[in-house]
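K.L.:
Sequence:
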Amino acid sequence: MPELPEVETVVRSLRPMVVGQTIHEMWYDWPRTLHSPSPDIFAARVRGQKVHDVTRRAKYIILHLDHDFLLVHLKMTGRLYVLEAGAVVPDDRWIHVRFQLDKGSSLCFSDSRKFGRIYLASQVEHVVKGIGPEPLEADFTPEVFFQRLNSRDRALKPLLLDQAFVAGVGNIYADEALFRSGLHPLRRSGTLGRDDAYRLYGAVRDALSAGISHEGASINWYRKPDGTRGNSQDHFFVYGRDGQPCHTCQATIEKIRVGQRGTHFCPRCQPAHKGSAS
DNA sequence: CGGACAACCTGGCGGC
DNA sequence: TGCCGCCAGGTTGTCC
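FYI, in the numbering used here the residues of the first sequence are 189 to 466.
It is possible that part of the hints are untrue.
Stated by the list, open to error - Under the rule of at most 27 angstroms between Cα atoms (straight-line distance), these lysine-lysine pairs were calculated in the BS3-like manner:
| id | residue 1 | residue 2 |
| --- | --- | --- |
| 1 | K302 | K317 |
| 2 | K263 | K412 |
| 3 | K443 | K263 |
| 4 | K238 | K412 |
| 5 | K238 | K291 |
| 6 | K412 | K302 |
| 7 | K238 | K263 |
| 8 | K317 | K263 |
| 9 | K302 | K263 |
| 10 | K412 | K291 |
| 11 | K317 | K238 |
No wet-lab data here; the hints were simulated from the structure.
Build out the structure end to end from the sequences listed, making use of the hints.
P.N.:
This is how it looks when you write it as structure tokens:
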């Protein structure tokens with residue numbers, strides 16, 4: 189579910205609520221959510237540690253503690269939010285982990301599909317391994333992107349979804365970025381010229397930035413930590429718009445399968461290329 | 001290296 | 001209303 193914009197929105201919302209608070213106790217009812225260390229060790233080790241910052245790397249939410257990093261990956265349906273003491277308890281039967289904070293407040297991890305994972309590690313790198321560049325960071329330049337694209341020969345859609353290639357892009361923003369670039373999802377990465385690559389570079393960054401400015405997309409499960417919805421879904425060009433007219437050219441948006449993932453594109457704005465398989 | 005597919009899980013929705 | 005199959009924002013491991 190959550191991609192870079194959604195995770196970034198959660199991080200920004202959570203940071204002022206949990207920084208400075210201490211984790212006093214941990215409760216859980218689905219052991220597999222606690223990836224590592226094992227639940228009993230996890231609980232003992234996290235107890236008493238204070239939260240100093242909340243940041244993001246790729247789609248991981250990172251809580252900086254006294255001696256460790258607490259990492260949360262929301263996967264498809266995970267939610268992370270703070271419940272203040274005395275607050276109206278939400279009707280949420282999918283809470284699987286709770287961290288008791290100061291003055292009766294708690295940090296809740298809810299996840300209906302139970303794909304989400306929580307880690308406790310002394311180094312972020314022990315958990316986040318082999319991840320590609322952050323697309324919104326300064327060291328990610330259009331020339332670097334061009335070189336990376338040309339060093340591979342893969343359809344653009346699955347390549348953008350590959351976290352080792354570029355961090356944080358998921359199914360929604362991959363489709364949105366490809367539309368913004370005018371490139372077909374099946375176009376082979378090795379066939380891109382410098383101009384194409386630079387255009388895609390800008391499109392990826394613009395799509396992600398727009399997602400952040402709209403506080404993420406709430407299509408189904410995603411909610412901001414305060415329980416409200418993001419608005420990014422109201423600004424999509426192609427995702428979920430199959431059968432509807434393209435905002436740019438009025439052609440009908442199509443949906444195909446690429447690498448087992450639903451893929452939306454405009455057949456007129458993103459024409460097939462001799463270098464693509466369709 | 002790239003592609004296909006199964007797993008991990010549950011809920012919502014469309015179709016009959 | 002009930003049941004069934006399909007779909008879903010992610011990632012990992014296996015096999016070819």
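K.L.:
Now, for every hint given, state plainly whether the structure supports it.
P.N.:
Hint check results:
no. : hint        : in the structure
1   : K302 / K317 : holds (22 angstroms)
2   : K263 / K412 : holds (15 angstroms)
3   : K443 / K263 : holds (23 angstroms)
4   : K238 / K412 : holds (23 angstroms)
5   : K238 / K291 : holds (14 angstroms)
6   : K412 / K302 : holds (18 angstroms)
7   : K238 / K263 : holds (25 angstroms)
8   : K317 / K263 : holds (16 angstroms)
9   : K302 / K263 : holds (9 angstroms)
10  : K412 / K291 : holds (23 angstroms)
11  : K317 / K238 : holds (25 angstroms)
When each numbered hint is compared with the structure, no violation occurs for any of them.
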